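Turn these sequences into a full structure, and let the hints steer you where they fit.
Chains A and B, in that order, are what the protein sequence lines are. Just so we're aligned, residue 1 is where the first sequence starts under my numbering, counting upward by one. Just so we're aligned, residue 387 is where the second sequence starts under my numbering, counting upward by one.
If you are wondering where the hints come from, they were derived from the structure by calculation, not from laboratory data. Here the structure is a predicted model, which means the values were calculated and not measured.
Straight line, CA to CA, 30 Å or less: simulated BS3-like cross-link-like pairs of lysine-lysine:
1) B/517 - A/209
2) A/3 - B/518
3) A/11 - B/518
4) A/11 - B/515
Short, incomplete list of chain B residues facing chain A, as computed with Cβ under 8 Å:
5) 437
6) 438
7) 459
8) 464
9) 468
10) 472
11) 482
12) 484
13) 488
14) 489
By construction, the Cβ of each residue, glycine as well, lies at the ideal position given by its N, Cα and C atoms.
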Amino acid sequence: MYKLELKRLIKSRSTLFLAAAMLGMSVFFACVTVAGAGSMESRGYITLRGMEAIEYQRGLFAEVEGYVTTERLEEMSDYSVWARDTYGRADNMPRDVYERWISYEPILSGSCGRMSCEADEYYAERRAALARLAPSEAAIASALALNWRVDEPFYWEYGFGGSEAGVNWTLCLFALCLFCTVIAVPAFSQGYSCGADGILRCARLGRGKLARAKILAVYSVCGALYLLSAALFCAVILLTFGPDGSSAQLKLGAFVLLDMSMTGVLALCVLSGLITMLASVSFTLWLSSLLPNGVHVLALSAVMLALPSFVNAYMSYPACDWLRLLLPTGSTGLQIGMYNELAAYRFLTLGPAAIWTPFAALAVPALEAPAFALLARRAYVRHEGA
Amino acid sequence: MNIEIQNLTKKFGKKTAVDSVSLTLTPGVWGLIGANGAGKTTLMRMLVGILTPTSGRVLCDGADTREMGEAWRDMLGYLPQSFGYYPEFSVADYLDYMAALKGLEKKAARRKIAELCEILSLTRVYKNKIKKLSGGTQRRVGIAQAMLNDPRVLILDEPTSGLDPGERVRFRNLLSEFARGRIVLISTHIVSDVEYIAAENAVMKAGRIIDAGTTAELLRAVEGRVFTARIPERELERAESAVRVVSLKNEGGGETLVRYVAEGPLLPGSDFAEPRLEDLYLWLFRDERRQDDV
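Below, the structure is given as structure tokens:
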């Protein structure tokens with residue numbers, strides 16, 4: 001039954017069209033990331049873009065790759081101050097001075113620059129800020145406990161972490177979720193509206209087992225297309241920039257509470273995207289099992305997809321984080337996703353408990369995906385036509 | 387085997403579509419006769435389990451069909467009034483899909499599909515998309531899916547609508563053969579179809595079964611009430627308002643042969659005629675105005 005339902009879904013023209021759109025979209029966003037890579041142009045005579053810029057930067061930053069110890073930070077900071085004091089603007093620096101100065105910039109701006117502190121105080125100041133900026137006692141305890149597992153000193157190397165890969169992946173994920181939602185819309189509602197449902201549910205396996213087969217088929221198609229799209233995006237990014245072993249704390253946000261490289265962050269974003277997509281699809285399946293009109297299902301699913309972006313943009317109360325993250329689509333949207341959650345250093349607090357938002361962004365859709373799938377199955381089994 | 391319908395009632399808001407219907411179906415072809423809106427479709431949908439009754443139950447050999455679940459659906463074949471299908475399906479895809487849904491083994495399914503396609507003249511269009519087939523051919527695909535699992539209970543809502551006369555005769559013969567030892571319930575407006583093949587009939591009116599029995603038993607209600615009369619054409623309008631006309635036949639010479647049902651021979655020169663189901667239908671529904679079926 002599952003195989004036949006899968007075959008039916010794959011053969012439908014809309015699925016084929018959406019599949020092509022999803023794959024094209026992921027390649028597009030990856031290519032935009034590569035094309036957007038540019039070398040630092042302040043010196044005037046280096047104006048490289050795309051692959052040329054990546055090649056140039058890889059050579060430029062090869063010298064500074066390694067662990068960012070306090071001593072190295074101090075050394076870089078001292079050199080940066082000396083170059084500024086001696087030559088003023090970067091345009092006036094000799095090429096060798098400029099290249100050394102510019103190669104220190106991402107590390108300095110990602111560490112003491114971000115914390116607005118002296119180089120020798122970076123690690124201490126970061127730990128102090130974790131406690132200072134947490135919203136509650138529970139959040140402080142949670143942050144410090146998590147940070148305990150974060151290894152210092154941090155590591156820095158050239159890679160996609162310095163590009164727009166994270167931002168573009170967030171946008172790409174939103175588009176992928178939208179396309180997967182559209183694939184899920186007719187799962188049940190099409191049968192109701194075209195009248196096929198009446199016959200199907202009179203067959204021996206036409207209730208719970210058919211519902212399960214339909215849900216699994218949608219999951220399989222959406223999951224496979226998502227993973228293929230994500231693989232394409234990652235392949236383009238990793239083949240051009242190369243893997244990025246830099247600590248997330250230096251390239252993404254000072255308060256990332258996981259001991260994770262940027263490649264790890266990318267993998268986590270893909271995983272989070274998969275879970276969020278499945279939760280969005282499950283929600284749509286549930287709507288599809290309730291409503292016979294596909295347009296209504298699509299409209300409500302689109303509202304649900306847009307809601308987190310709206311809440312994020314226009315509602316700044318701490319409770320709104322709860323509201324947003326409790327939505328099945330709460331981890332996707334414009335400027336919403338695992339990438340942003342890791343960087344944002346936010347907690348969901350409830351009484352004495354505090355949850356770091358990246359954990360909520362993983363856990364909530366992971367719970368809601370099966371919950372909505374079960375609701376969809378139940379609603380389909382109990383559905384009665386007019 | 388028998389199916390016992392016990393006080394089955396379905397209400398949609400304040401409207402009672404089926405009102406405390408009780409009927410025992412035994413093997414053979416049953417005709418369900420009634421005007422549009424009489425509640426035939428609602429009754430059939432409750433029988434197959436698509437609709438939950440407001441009250442009452444359906445028993446199959448003493449077991450409640452709602453509790454039987456898969457076991458009940460396993461012995462069921464159903465063709466609704468409007469045959470719905472996924473638009474991307476070809477006949478082959480659709481029958482394969484339905485066979486799997488009915489839990490048929492692959493080999494058995496293939497054999498059964500080939501057999502039904504042969505009987506229902508679907509072999510030529512087997513690879514065609516259903517949406518591109520004529521209404522009659524689509525109907526035959528619908529009949530094929532209903533019979534795929536050799537159902538012990540076959541419920542067909544208006545199965546002959548859209549079939550041409552030849553197809554209708556073939557279908558009637560197929561059903562007569564198929565019905566041995568099984569229960570076949572057909573609702574139709576084409577009373578002649580039922581007359582030819584139904585051993586027993588149930589007549590529905592305003593959500594209730596008003597009569598049930600063999601065709602001969604039912605026809606007793608109109609015995610002595612069916613007449614034919616030859617009248618001048620100019621009298622036709624007056625005759626139509628006075629009696630329920632079953633048929634009109636132009637006899638030439640300005641005369642028309644009128645077949646009608648009435649309490650007595652109201653038209654001059656009337657002769658008694660042998661009653662048929664069509665006469666009974668018009669007699670029972672003489673006050674009915676056409677309305678949408680429920």
